[in-house]
Amino acid sequence: MSSTPPVRRRRLGLPRRVFSQVLLMQLAIAAGVAVLATGLFLAPLGDQLDDQAMRRALAIAQTAARPQVAEELRSTRPAADGPVQTEAERIRKTTRAEYVVIMDRQGVRWSHTDPERIGEVVSTDPGQALAGRDVMEIDDGTLGRSARGKVPLRDADGDIVGAVSVGIAYDSVRARLIHAIPGLFAYAGGALAVGALAAWLISRRVQRQTRDLAFSDIAGLLAEREAMLHGIREGVVALDRGGRVRLLNDEAQRLLGLGAEAVGRTPDEALGPGRTADVLAGRVTGTDLLTVRGPRVLVANRMPTDDGGAVATLRDRTELEQLGRELDSTRGLIDALRAQDHEHANRMHTLLGLLELEMYDDAVDFVGEVVGDHRVTAEQITERIGDPLLAALLVGKATVAAERGVALWVSDRTRLPDRLVDPRGLVTVVGNLVDNALDAAAGGPHARVEVELRAEGRAVTLRVRDTGPGVPAEDRELVFTAGWSTKEPPAHRQRGIGLSLVRRLAERQGGSATVDAAYGGGAEFVVVLPEALAEAGPEPAHAVAVPANAATTNPAAANPAVEEEAR
Numbered sequence: 378m379s380s381t382p383p384v385r386r387r388r389l390g391l392p393r394r395v396f397s398q399v400l401l402m403q404l405a406i407a408a409g410v411a412v413l414a415t416g417l418f419l420a421p422l423g424d425q426l427d428d429q430a431m432r433r434a435l436a437i438a439q440t441a442a443r444p445q446v447a448e449e450l451r452s453t454r455p456a457a458d459g460p461v462q463t464e465a466e467r468i469r470k471t472t473r474a475e476y477v478v479i480m481d482r483q484g485v486r487w488s489h490t491d492p493e494r495i496g497e498v499v500s501t502d503p504g505q506a507l508a509g510r511d512v513m514e515i516d517d518g519t520l521g522r523s524a525r526g527k528v529p530l531r532d533a534d535g536d537i538v539g540a541v542s543v544g545i546a547y548d549s550v551r552a553r554l555i556h557a558i559p560g561l562f563a564y565a566g567g568a569l570a571v572g573a574l575a576a577w578l579i580s581r582r583v584q585r586q587t588r589d590l591a592f593s594d595i596a597g598l599l600a601e602r603e604a605m606l607h608g609i610r611e612g613v614v615a616l617d618r619g620g621r622v623r624l625l626n627d628e629a630q631r632l633l634g635l636g637a638e639a640v641g642r643t644p645d646e647a648l649g650p651g652r653t654a655d656v657l658a659g660r661v662t663g664t665d666l667l668t669v670r671g672p673r674v675l676v677a678n679r680m681p682t683d684d685g686g687a688v689a690t691l692r693d694r695t696e697l698e699q700l701g702r703e704l705d706s707t708r709g710l711i712d713a714l715r716a717q718d719h720e721h722a723n724r725m726h727t728l729l730g731l732l733e734l735e736m737y738d739d740a741v742d743f744v745g746e747v748v749g750d751h752r753v754t755a756e757q758i759t760e761r762i763g764d765p766l767l768a769a770l771l772v773g774k775a776t777v778a779a780e781r782g783v784a785l786w787v788s789d790r791t792r793l794p795d796r797l798v799d800p801r802g803l804v805t806v807v808g809n810l811v812d813n814a815l816d817a818a819a820g821g822p823h824a825r826v827e828v829e830l831r832a833e834g835r836a837v838t839l840r841v842r843d844t845g846p847g848v849p850a851e852d853r854e855l856v857f858t859a860g861w862s863t864k865e866p867p868a869h870r871q872r873g874i875g876l877s878l879v880r881r882l883a884e885r886q887g888g889s890a891t892v893d894a895a896y897g898g899g900a901e902f903v904v905v906l907p908e909a910l911a912e913a914g915p916e917p918a919h920a921v922a923v924p925a926n927a928a929t930t931n932p933a934a935a936n937p938a939v940e941e942e943a944r
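As numbered in this note's numbering, the sequence shown has no gaps in its residue numbers, which increase by one up to the final residue, 944.
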């Protein structure tokens, strides 16, 4: 077998590129239009020239049909040198007609271009003209094909004494038609040249817009685009230069909770006012912008396009944010365990010293006090809060607060039965608010955070107060905006999500989340959940207990003034 590869023969056919195909098609269309227009113009031109020749012949015949000629026809004989022949020849030469024939009522010629035919009967029927009607026609006679006009010849009294027939050589009509054709083709050629230039300019524009691709390449790109848009797990929203949505892939519809009806509408019309609409519309700029849509945390990036529109991509960061918060909770528990381990070591050293000093009674009292403090802390929280998840959260937060030097109090006005409809949602709300309060209060003098949970019917009101710097009045709505934060983001996630989720969870239940200045300084966050509790009978009475503290008992228990100040 030969190792030489076979020579591929290039098949003749249409060019592959869009530019070439469009140019050829437009040239073909322009040429076809030029030929068609020329043909459509030439077709009636011949009829028009025929009509003009017949009317001219008729006009000459009407000029020759004078009463004086009629009188000469009556008073003389047909002869080559007669006055009728002389007058007819004068008119023929003046008008450049092919012939001017004057005949009597019997059809005998009194004039003719060939004098020898004078006195003979005409070759065509003059009946219509002798009957008093004007005639225009194209016909063949003794002088060949001609455009004819025939009129009756009347005397001074109006009686018909004969007829006048005038002919114009048809060759002259054809010559005029042939003479007009070069001009027509010149105009057609000029129009074709202009059309070709326009076709080339349009094709060049098409070439730039299609990047000189072939139709098959464009079809392949379209198929790949559809597969990519509907196959990727990332939302894609395309907007036109007017800011209206022109494309939504499947993932974007899922993340934004929209349908195909959103196409053709602006983000504000499709989503309603909010940060998500602001990001898509370009009113908020930046990269990896955080926004909250329903229960989802989204990361958005917006890129302008050459046509004045934009393409926005959306990624679901809900699971990542949840993992980040779980990591924060795990770190908090580790910090709490580390603090308890450190505290436990100190207590064990104290106990060992008491035993070595043989102070056995003091050692017993010390052990009882330590065990009692921890038990009282947990009992005080669980007596006020019936839900185990929420109670466990606050016990853990109290330990972390003590490690950070912040006194975490659960107000003695707190009463929450174990009838929560969405315990995890309330845990998220309380956890986010307590974390923010601890961050705000930590490092300040007499740092403390107070949590109050009260139930009224099915509604639950949550208040979290801190002794931090507070929230300025102009920022009290911005703090609930997704992505807005004054803190440095941690390595594993971004800031500005917690308070936005708090408001979203509250509004999803028909409630609200607000912030105001706390009494004595700091901030007070208030969350109202109208339907947080399930229907139940009357709640049992609870004994009033002392508020909890992770490290020590509440100083307000021994000092009513401190408790009053905390309120």
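Rather than coming from a laboratory, the hints here were simulated on the basis of the structure.
Please note: incorrect hints may appear among the correct ones.
[Stated by the list, open to error] Each pair of labels, with its calculated beta carbon distance range:
#, residue 1, residue 2, range
1, E756, I711, 19 to 29 Å
2, S500, R467, 37 to 47 Å
3, Y564, E646, 51 to 61 Å
4, L855, G821, 18 to 28 Å
Predicted, not measured: the structure shown is a model, and the values here were computed from it.
Quick reminder that beta carbons are idealized off the backbone N, C-alpha and C, glycines included.
To see whether the hints hold, each was checked on the structure:
At roughly 25 Å, the beta carbons of E756 and I711 sit within the given window of 19 to 29 Å. In this structure, S500 and R467 break the distance hint of 37 to 47 Å, their C-beta atoms being roughly 24 Å apart. Range check, Y564 to E646: Cβ separation about 54 Å, and the 51 to 61 Å hint holds. The given range of 18 to 28 Å is respected by L855 and G821, whose C-beta atoms sit roughly 23 Å from each other.
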